[in-house]
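Novice: Sequence:
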Amino acid sequence: MKTMAEVDFRFRQQSPVSQFTSDTSSVMPKRLPRNWLLSTSKFRKFDATAIIQALQYFREDNLTLMLVSQDYPGTWNLKEKWYGTEYTIDRIPTDVLSDIRKALNSQDPRACGKPPITAKRRFEVSGLLFSISANMLGVDISVHGYNDKMAVLLEKILITM
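Quick note on numbering: full-length UniProt numbering labels position 125 of the sequence shown as 125, and the sequence is numbered without any gaps.
Because the hints were derived from the structure by calculation, they are not lab data.
Among these hints, one or two may not hold up.
[As the list claims (entries may be wrong)] Only pairs whose alpha carbons sit at most 30 Å apart, straight line, appear in this in silico DSS-like list of lysine-lysine:
1. K30 <-> K81
2. K149 <-> K102
3. K30 <-> K45
4. K149 <-> K79
5. K102 <-> K156
[Stated by the list, open to error] Simulated restraints, written as ranges between beta carbons of each label pair:
6. V68 <-> A134: 15 to 23 Å
7. S69 <-> R31: 34 to 42 Å
8. L32 <-> Y57: 19 to 27 Å
9. E155 <-> T88: 19 to 27 Å
10. F58 <-> V27: 22 to 30 Å
11. Y87 <-> D148: 16 to 24 Å
12. S18 <-> D95: 15 to 23 Å
13. D71 <-> T3: 45 to 53 Å
14. E155 <-> S18: 28 to 36 Å
15. W36 <-> E86: 34 to 42 Å
Heads up, the beta-carbon is just placed ideally off N, CA and C, and yes, glycines get one too.
Start from the sequences, fold in the hints, and give me the full structure.
Specialist: Laid out in structure tokens, this is it:
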């Protein structure tokens with residue numbers, strides 16, 4: 001796994017300058033050794049125990065789900081104090097939790113895989129991008145672009161997962 005990550009790191013495509021600057025500036029406040037500044041995604045040490053311990057946190061009851069939309073219908077009972085953005089905090093519906101539980105309990109490795117590359121390419125052609133990445137709080141699923149098919153792409157990602 002470490003060797004594959006090193007190869008991926010070494011041959012990673014260069015990002016646009018603005019993205020590189022944004023990524024680098026977001027890492028700078030973290031207390032990391034200076035030589036890690038440009039290589040935060042590189043594995044430093046393989047620790048099977050730490051990996052197993054981290055995977056124990058992937059549970060359906062340990063989840064934060066954020067949906068962001070400019071025109072999602074709903075009732076917004078809270079308002080963010082600086083920008084006045086309206087939002088609400090709700091429980092995740094039980095049917096969504098049961099789907100998550102099924103995926104987490106599946107022995108099939110495809111249950112948590114990315115959508116097929118052909119679907120990804122079709123969405124990229126229409127100006128949509130997505131990424132699935134791990135962070136210290138869980139898994140980030142980001143969908144970017146300006147297109148009415150964003151919801152379809154997100155649905156395909158979540159169903160595939």
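Novice: Each hint should be assessed against the structure and marked as holding or not.
Specialist: Each hint tested on the structure:
1. K30 <-> K81: The hint holds at about 26 Å.
2. K149 <-> K102: 26 Å, holds
3. K30 <-> K45: Holds. K30 to K45 sits at ~19 Å (cutoff 30 Å).
4. K149 <-> K79: This hinted pair holds, its Cα atoms lying about 28 Å apart.
5. K102 <-> K156: 16 Å, holds
6. V68 <-> A134: 15 to 23 Å: 20 Å, holds
7. S69 <-> R31: 34 to 42 Å: 35 Å, holds
8. L32 <-> Y57: 19 to 27 Å: 22 Å, holds
9. E155 <-> T88: 19 to 27 Å: 21 Å, holds
10. F58 <-> V27: 22 to 30 Å: Given range 22 to 30 Å: holds, Cβ gap about 24 Å.
11. Y87 <-> D148: 16 to 24 Å: Check passed, 22 Å falls within 16 to 24 Å.
12. S18 <-> D95: 15 to 23 Å: With a Cβ separation near 40 Å, S18 and D95 fall outside 15 to 23 Å, so the hint is violated.
13. D71 <-> T3: 45 to 53 Å: Given a distance of about 46 Å, which is inside 45 to 53 Å, the answer is holds.
14. E155 <-> S18: 28 to 36 Å: Given about 29 Å between the Cβ atoms, the range holds.
15. W36 <-> E86: 34 to 42 Å: For E86 against W36, whose Cβ atoms are near 39 Å apart, the range 34 to 42 Å holds.
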